[in-house]
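Peer 1: Chain by chain, the residues run as shown.
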Amino acid sequence: MDSSDAIYQGLKKAGIDFVVSLPCVNLGKIIEMVDCDEEITHVPVTREEEGFGICAGAYLGGKKTAILMQNSGLGNSVNVLASLYKLYKLPILMVMSHRGTEGEFMSAQIPMGEATPGVLDTLEIAYFLPKTPEDAYKALSEAWLLSEMGGSPVAMLLEIGFW
Amino acid sequence: MKRVDAIKRISEQLEDELVICNIGFPSRELYAVKDSPTHFYMLGSMGMASSIGLGLALAQERKVVALDGDGSLLMNLGSLVTIYNQDPENFILILLDNECYGSTGSQCTYASTVNLSRIAEAVGFKNIFSFKGDLDLTEVLKAEGPVFVHAKVEPGNADVPVIDMEPEEIKERFMENLK
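Protein chains in written order, with my numbering: chain W, 2 to 164; chain B, 134 to 312.
By construction, these hints were calculated from the structure, which means they are not laboratory data.
As the structure is a computational prediction, the values presented were derived from the model and not from experiment.
Hints may contain errors.
To be verified - One-sided and incomplete, this derived list gives chain B residues near chain W with beta-carbon spacing under 10 Å:
{"id": "1", "residue": "Leu176"}
{"id": "2", "residue": "Gly177"}
{"id": "3", "residue": "Ser178"}
{"id": "4", "residue": "Met179"}
{"id": "5", "residue": "Gly180"}
{"id": "6", "residue": "Leu191"}
{"id": "7", "residue": "Val197"}
{"id": "8", "residue": "Leu207"}
{"id": "9", "residue": "Asn209"}
{"id": "10", "residue": "Val214"}
{"id": "11", "residue": "Gln219"}
{"id": "12", "residue": "Pro288"}
{"id": "13", "residue": "Gly289"}
{"id": "14", "residue": "Asn290"}
{"id": "15", "residue": "Glu301"}
{"id": "16", "residue": "Phe307"}
To be verified - A short list of chain W residues far from chain B (calculated; beta carbon distances all over 12 Å):
{"id": "17", "residue": "Lys13"}
{"id": "18", "residue": "Pro24"}
{"id": "19", "residue": "Glu125"}
{"id": "20", "residue": "Pro134"}
{"id": "21", "residue": "Leu158"}
Using N, Cα and C, we set each Cβ at its ideal position, and we do this for glycine too.
Work out the full structure, taking the sequences as your base and the hints as a guide.
Peer 2: Written out as structure tokens, the structure is:
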């Protein structure tokens, strides 16, 4: 099982049936798999904040939701995470490619990469740091359960080394 | 027409449609004129009304009406592009355009110089309705979505209390009604 397969199969096992996405070079294969899956509604969005709004509506309508995003988009989603998700206690699985971590070749990714765990901590959003595809596959179901029962987003931070 | 009167007129014409209502005074006004388990009142996340509405429309079959404002739509213009591409036939986006940020002291928005329904038209929306007076939704409710409704309203807020429901209560009542 390679890293992309593990995430896709993990989402399926967790019962995720509604996914919004923004591109990241590391997420490319997963986005394709999700798009081809007839059991999953896939909505490419223009901005992460918008994606969180769409997923909130989909959850109200009975869906199990996830967002595929790069960690840079966490920055433009802080308010929606606090004043929609935390306020109404809504779940969502945040599958985040975590750029700016060890092995990063672009210096521009480093500031937001370093800020990411702190932003999640401030928002009291729990996150998993799987190191292998097997870890990630198992963690996704656990993460969704935690998210749904706790009424809060839960993140999966996938560092450069993961891929 | 005052916004509260527009909201009242809209709510009188809706039956089992699901309503996502924008943050601030619009939600307070809707709650005051008519409360219903089909209403989801936004208490935060300005800009997200059209997105929450889109997600809800894609997730289930009942018709969804999102009540948005000019200031909040300007915060999330990309939403129009996503709605057009996703093409939900059960979605009506109603823009209550008072050309100002009504809930924060009526500071002007750019909606006084930019016609937001022309943006919707340029994006590709086929069913666009513009109202300056009476908001008769008979044709709007018959039209195939996504529908964009542009209603000009006067600036100003009604003297209505804050919503005395907890956020979770709003959510749970709404979801229970959908089951």
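Peer 1: Determine whether the non-interface label on Pro134(W) survives the test: each CB of chain B must be over 12 Å from its CB.
Peer 2: Label holds. Min Cβ-Cβ 30 Å, cutoff 12 Å.
Peer 1: Have a go at the Val214(B) hint: is there a Cβ in chain W nearer than 10 Å to its own Cβ?
Peer 2: holds, 6 Å
Peer 1: Does the claim that Leu158(W) lies off the interface hold, with its Cβ farther than 12 Å from every Cβ of chain B?
Peer 2: Correct as stated: the minimum Cβ-Cβ distance to chain B is 23 Å, above 12 Å.
Peer 1: Holds or violated: Gly180(B) as interface residue toward chain W, Cβ cutoff 10 Å?
Peer 2: holds, 7 Å
Peer 1: Is the interface hint satisfied for Gln219(B)? The criterion is a beta-carbon contact with chain W at less than 10 Å.
Peer 2: holds, 6 Å
Peer 1: Taking the least C-beta to C-beta distance, is Ser178(B) closer than 10 Å to chain W?
Peer 2: Holds: closest Cβ of chain W sits about 4 Å from Ser178(B), inside 10 Å.
Peer 1: Let's test the interface hint: is any C-beta of chain W closer than 10 Å to that of Val197(B)?
Peer 2: Holds: closest Cβ of chain W sits about 8 Å from Val197(B), inside 10 Å.
Peer 1: With 12 Å as the threshold, tell me whether Pro24(W) passes as away from chain B on beta-carbon distances.
Peer 2: Non-interface label stands for Pro24(W): nearest chain B Cβ at 14 Å, farther than 12 Å.
Peer 1: Hey, does the Leu207(B) contact hint survive, CB to chain W under 10 Å?
Peer 2: violated, 13 Å
Peer 1: Does the interface hint hold: is Gly289(B) within less than 10 Å of chain W, judged Cβ to Cβ?
Peer 2: For Gly289(B), the interface hint is violated, since the closest Cβ of chain W sits about 25 Å away, which is over 10 Å.
Peer 1: Is the interface hint satisfied for Phe307(B)? The criterion is a beta-carbon contact with chain W at less than 10 Å.
Peer 2: holds, 6 Å
Peer 1: Tell me if the interface restraint on Leu176(B) is satisfied: Cβ within less than 10 Å of some Cβ in chain W.
Peer 2: holds, 6 Å
When held up to the earlier numbered hints, the structure conflicts with 8, 12, 13 and 14 and fits the remainder.
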